[in-house]
Amino acid sequence: MALPNVMQTGRSGMVAAKAQMATTSHNISNANTEGFSRQRVEQRADNAIPHGGKNMIGQGVGLARTDRLNDQYIEKQIRNASRDLSHLEEKDLALKQTEDIFNEMGGEGLNRLVSKFFNEFRKLANEPDNEAVRQSVRESTLAMANDFKRLHSSIEDVRNHLDHRIEGFASEANSIAVQVKDLNLKIKVQELSGGQANDLRDQRDTMMKKLSTYFDVSTHTDKDGGINVDIKGVGPLISGPNAEKIIVDRTPADGEGKPENSFSLRSTGNASNDITHALKGGKIGALLEVRDQTLSSVLDRLDEMASTITNSVNSIHREGITRYGTKGVDFFKTLEVKDRASQYMALSDGVANDANMIAAGAVANASGDNRIAVAISQLQNMRVMDNGNTTIDAFYNGLVADVGVVAGRTRNSLVQQKDITMQLDKMREQISGVSIDEETANLLQFQRAFDASAKVISVADQCLQTVLDLRR
Amino acid sequence: MRVSDNTNFGLVRETINRTKGRMEKLQTQSATLKKVNTPSDDPVGSSKILEIRTDKVNNEQFLMNSKLAEAQLNNSESALSELGDIVIRAKEIAIQQASGASANDDTRLAVAEEITQMYQSAIGTANRRIGDRYVFGGFKTDQPPVTVDGKYVGDDGQMMVEVGRDVFIAMNIPGHEVFNTNPGVEDRPADMGSSPELQMRAGTRTPASYSATGQPGKEAGKAGPQAENVNVFEELQNLRIGLLTSDTETIRNTLDRFDQIHSRINSMRAKIGSRINGLQTMSQSLERQNITNAQLGSHLEDADMAQVVSDLAKEETVFRSALQSSGKLLQPTLMEFLK
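Protein sequence lines, in the order shown, are assigned to chains F and V. Following our numbering, the numbering of the first sequence begins with 1 at its first residue and continues without gaps. Following our numbering, the numbering of the second sequence begins with 473 at its first residue and continues without gaps.
Because the hints were derived from the structure by calculation, they are not lab data. Incorrect hints may appear among the rest.
Stated by the list, open to error - Only pairs whose alpha carbons sit at most 20 angstroms apart, straight line, appear in this in silico DMTMM-like list of lysine to aspartate or glutamate:
| hint | chain 1 | residue 1 | chain 2 | residue 2 |
| --- | --- | --- | --- | --- |
| 1 | F | K280 | F | E429 |
| 2 | F | K338 | F | E156 |
| 3 | V | K506 | V | D719 |
| 4 | V | K506 | F | D100 |
| 5 | V | K497 | F | E131 |
| 6 | V | K539 | V | E523 |
| 7 | F | K210 | F | E429 |
| 8 | F | K426 | F | D437 |
| 9 | F | K116 | V | E532 |
| 10 | V | K492 | F | E89 |
| 11 | V | K492 | F | E429 |
| 12 | V | K520 | F | D222 |
| 13 | F | K18 | F | D451 |
| 14 | V | K528 | F | E108 |
| 15 | F | K116 | V | E549 |
| 16 | V | K520 | F | E108 |
| 17 | F | K327 | V | D614 |
| 18 | F | K333 | F | D349 |
| 19 | V | K800 | F | D437 |
| 20 | V | K506 | F | E108 |
| 21 | V | K507 | F | D249 |
| 22 | V | K497 | F | D437 |
| 23 | F | K327 | F | D354 |
| 24 | F | K18 | F | D67 |
| 25 | F | K188 | F | D222 |
| 26 | F | K223 | F | D402 |
| 27 | F | K280 | F | D249 |
| 28 | F | K280 | F | D230 |
| 29 | F | K96 | V | D514 |
| 30 | F | K280 | F | D292 |
| 31 | V | K497 | F | D71 |
| 32 | F | K327 | F | E131 |
| 33 | F | K418 | V | E486 |
| 34 | V | K507 | F | E108 |
| 35 | F | K149 | F | D300 |
| 36 | V | K497 | V | D774 |
| 37 | F | K96 | V | E496 |
| 38 | V | K507 | F | D100 |
Isolated chain F, as found in the complex:
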């Protein structure tokens, strides 16, 4: 055992301690980096060499590799949890917007206006010979029709807003897919030399976590460590060197037809043209759900309500006699189709121009005849909706309650999902998170090791000096 060897051993200790201190400082400086996993230098004792027969004397320390402390299983769970969390958060937001449109709890809303509409007909029944009451029947009808319009256009506004968000999310997802693809390549190149691309892997995990917040994906790792991503139900998003794209097709709304016609999603990774209904989960899935289920159903039901009121009031009103003694006309403008009835609901031209065209009675020359007014006001209590199962009031109240149920359920799930995500984050932090206190302690530990190794060299140097001095 030569003294220079001892120096060498000391040097290896210093190198190792320096590497550890560098890694520790890397950890500390990344304490707040999203998705960072703390790293640790794996070191091992260098092979001992035989010395003077049987004695094996160690050669110091060698650096094996730098590991990141990370559990892929938890990462995957976090990915799923954050997908569900983003899904619920996005849904909650969209439903809150929808719910706000039905400002019924404040007291002013369609519910009240519909009651007012029917009550105006009750007033007309009290005074069928009065023109002023007819004016106020007309005003209350306008107020009701306007509120139908307001609801309709507010819901369309929400839907447009959601469309814009979906478009934004799709392009974000596209750019993340490209980044993951690039990271795949970089990791492969870096790891060809045998090292561990820890930080790149952390980055890729973070990107994957982000990517899975947009929709449901499945992943598998290929033999080179690259991650391939499939969008569930659609097809590949990232495979090897290729990243597919999600394309949003928006044709300007033509004022007619269903929203699906003016908005659709395509993927370059899927032969079929329209993947709008194939995307599930995540933010995009949430927005599509709200848009195509909640909003569409709300609009349909509003349309049904508007068209039922229009048609049933018309069919009674036509049988009546105007204040001029002529045959009754339509009260509302006739609607050809149920579609968009809530938007097009309006007074007929006759009634809009002249309140005396409103019919209260069924026979001519009988100004006290109030039977038509009574019959119309009775529609409020009749089961005219839902194939004769529900009254107009109950139908609308059910609609409001349904929106509330969906929003309430989402909010509850959101709270639960937050807890789950927090729990998982805690577990991940437990493994991968940086504790400054711990790193500080480590730093001191490595500093001591460094000091001691330096001391070894100094001692070896002194020894060597002593040996050299022997000759004098």
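Starting from the known structure of chain F, arrange chain V on it as the hints suggest.
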């Protein structure tokens, strides 16, 4: 267990957010005094709240309808009572003038003039108006229902008003039912058919199939027993002619008929009275229902202020202690002890 700094800070953030979220909700409740501020706060309850509100608005209308109907019925009743007085007075005159003992041609001639006056005021009473509306004209409320020669030109329309959900009461008495003792026999005025709301309640029609021109009931009226009809205006005329011509036979004949008319008028007054009773009962029950609804609505919708305020105070304490413990948790690091 390892506790990273992120866990610490995350915990602090989460605690503060949650407490603040709960405080915000309580603050909304205390600002609006309502615990249901959006449908999702209580979907089933909110649907019920809307139902109650509709009931409330409708009940107010029903109460208003009741008041109007009551006013018109009261007016009709006082008109009928006046008409009844006229009939009694006419009968008294007829009794006096029917016998030769207390009357002669001269007295008859003298009271004939009084009967003419009574005839005029009977027509006037029959054409009683409230505002612009003739109350005894059936649906024909815009013209006098009885002409100067005592002919009824109204119809038999019954103006139904809704005084409670699906409860209808006619607020008028068509004149021909009052002026005739047996209106089915005389040539009836235009038949208005049974009112649409009655058909509707019977479930025999949907609005789409509604027809206002159907005239059920006419056949039934004709098929009834053929009793003699007496008309109040005709009878007054008969009495006047009897007096003018000093025809004691004719005068005597009117006696029984005036009785019939008087009992007819009385039965109509009783009918009106029972309608008014019905209205009052209905109004009372609506008012009771309003109170019950208000209680239920308040229970569903209104925040319990004592609860909200005490919860708010509690949350504030929680919030303060969270902040305090956070301060303690985040302050020290190992660094500070290594100097």
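Hinted pair V/K506 and F/D100, Cα distance within 20 angstroms: holds (16 angstroms)
Starting from F/K18, check that the Cα of F/D451 is at most 20 angstroms away, please. holds (10 angstroms)
Between F/K333 and F/D349, does the CA-CA distance stay at or below 20 angstroms? The given pair, whose Cα atoms are some 7 angstroms apart, holds under the 20 angstroms limit.
| message | So if I understand the rule, the pair passes when the alpha-carbon distance is 20 angstroms or less; does F/K116 with V/E549 pass? | response | Distance ~32 angstroms between F/K116 and V/E549 Cα, so the pair is violated.
Just to be careful, I want the Cα atoms of V/K520 and F/E108 compared with a cutoff of 20 angstroms; is the pair within it?
holds (16 angstroms)
| 20 angstroms Cα cutoff - pair F/K280, F/D230 | holds (12 angstroms)
Below or equal to 20 angstroms on CA atoms is what counts here, so check F/K426 against F/D437.
Holds, at roughly 17 angstroms.
Exercise for review: Verify the proposed pairing of F/K188 with F/D222, using a straight-line Cα cut of 20 angstroms.
Suggested key: holds (11 angstroms)
Quiz item: Holds or violated: F/K338 with F/E156, Cα cutoff 20 angstroms?
Solution: holds (17 angstroms)
**OP:** Starting from F/K327, check that the Cα of F/D354 is at most 20 angstroms away, please.
**Re:** holds (14 angstroms)
Can the restraint linking V/K497 and V/D774 be considered satisfied, given a maximum Cα separation of 20 angstroms? holds (14 angstroms)
*asked:* Hinted pair, alpha-carbon criterion (20 angstroms max): V/K506, V/D719. Please report holds or violated.
replied: At roughly 82 angstroms apart (the allowed maximum being 20 angstroms), V/D719 and V/K506 break the hint.
Checked against the numbered hints above, the structure violates hints 1, 3, 5, 6, 11, 12, 15, 21, 22, 26 and 31; every other hint is satisfied.
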